[in-house]
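Engineer: Keeping their order, the protein sequence lines are chains A and B.
Note that this note's numbering gives residue 113 to position 113 of the first sequence, counting from 1, and the numbers run on in steps of one.
Note that this note's numbering gives residue 64 to position 64 of the second sequence, counting from 1, and the numbers run on in steps of one.
Hints in this document: simulated from the structure, not taken from any laboratory.
Among the hints, a few may not be true.
[Claimed, not checked] Each computed BS3-like pair below joins lysine-lysine, with the alpha-carbon atoms no more than 25 angstroms apart: (1) Lys77/B - Lys60/A; (2) Lys13/A - Lys53/B; (3) Lys94/A - Lys23/A; (4) Lys61/B - Lys106/A; (5) Lys23/A - Lys61/B.
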Amino acid sequence: MRKAFGVDLIEIKKAKRLYKTHKNRLNSFFSLQEIAFINKNERPHENLAILLASKEAAFKAMPRFGTGLAAFRNIEIVPQKENKFFLRLKGTSKKTALKFSILRNKKYVVVQCAGI
Amino acid sequence: MQNHNNEIIKNVKSIISQALKVDENKIELHSSLIKDLGAESIDFLDIVFRLEKTFKIKIPKGELFPEKLLTDARYIKDGKITQAGVEELQRRIPGANWVEFSKNPLVANLGDVFTVGMIVDYLSEKLATANK
């Protein structure tokens, strides 16, 4: 893999509004595992923000994955323990070599994605 | 037909105003969702959900915003859209400013060409087909 880097920021307030208004429609864009990850948190919109930022950061790092809503289900974020997760391409079980790190405060979630 | 289109325009402006928290009077058909109205990726999700709910339709992924094309290796090279890709986009969205986009056809710049009018055109066609 060539060196790749992507970063994205999501406003938590927007994620909260999105979750509140459309929580029953999320399955159009997220896998069952991703939805389980969202709902696992007492504040589900925070995990929704993490997922959105992770996918956007991955698209920026690896433009061949696509971009935007249509590509959302081309890649799947697979959560693991303690805010760690990996990314796999749809229809495969193979982990990509991308690493993610999450930063957050009360207002924003920022995800950095890097591959070397 | 004109009344029908006016109704669509009115509803689309209202949806975008709610999703992006912008004054409805500032929304024009030629307004770019990203450049002029400040839409971010999360907002596109919100807009699609609101359109589906208001117009009682299902919008298949990639149909309204044709990003699916961007996963096609024929149309993308080194983060840029190829000439063939721009031509394909032009065919799908004839009303957008492809001349300006072609000057620097980065994938990342594609969002700039998504306008309010593009959504209205899409819905007019979709609803007309559904009513046939």
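Engineer: So, for every hint listed, does it hold in this structure?
Structural biologist: Going through the hints against the structure:
With a CA separation close to 14 angstroms, the supplied pair Lys77/B and Lys60/A stays within the 25 angstroms bound. For a cut-off of 25 angstroms, the pair hint linking Lys13/A to Lys53/B stands: about 22 angstroms separates their Cα positions. At roughly 29 angstroms between alpha-carbon atoms, Lys94/A and Lys23/A are farther apart than 25 angstroms, so this suggested pair is violated. A hinted pair counts as satisfied when its Cα atoms are at most 25 angstroms apart, and Lys61/B with Lys106/A does not qualify at roughly 32 angstroms.
For the hint pairing Lys23/A with Lys61/B, the CA-to-CA distance comes to about 18 angstroms; that is within 25 angstroms, so the pair holds.
Going through the hint list in order, the structure does not satisfy hints 3 and 4.
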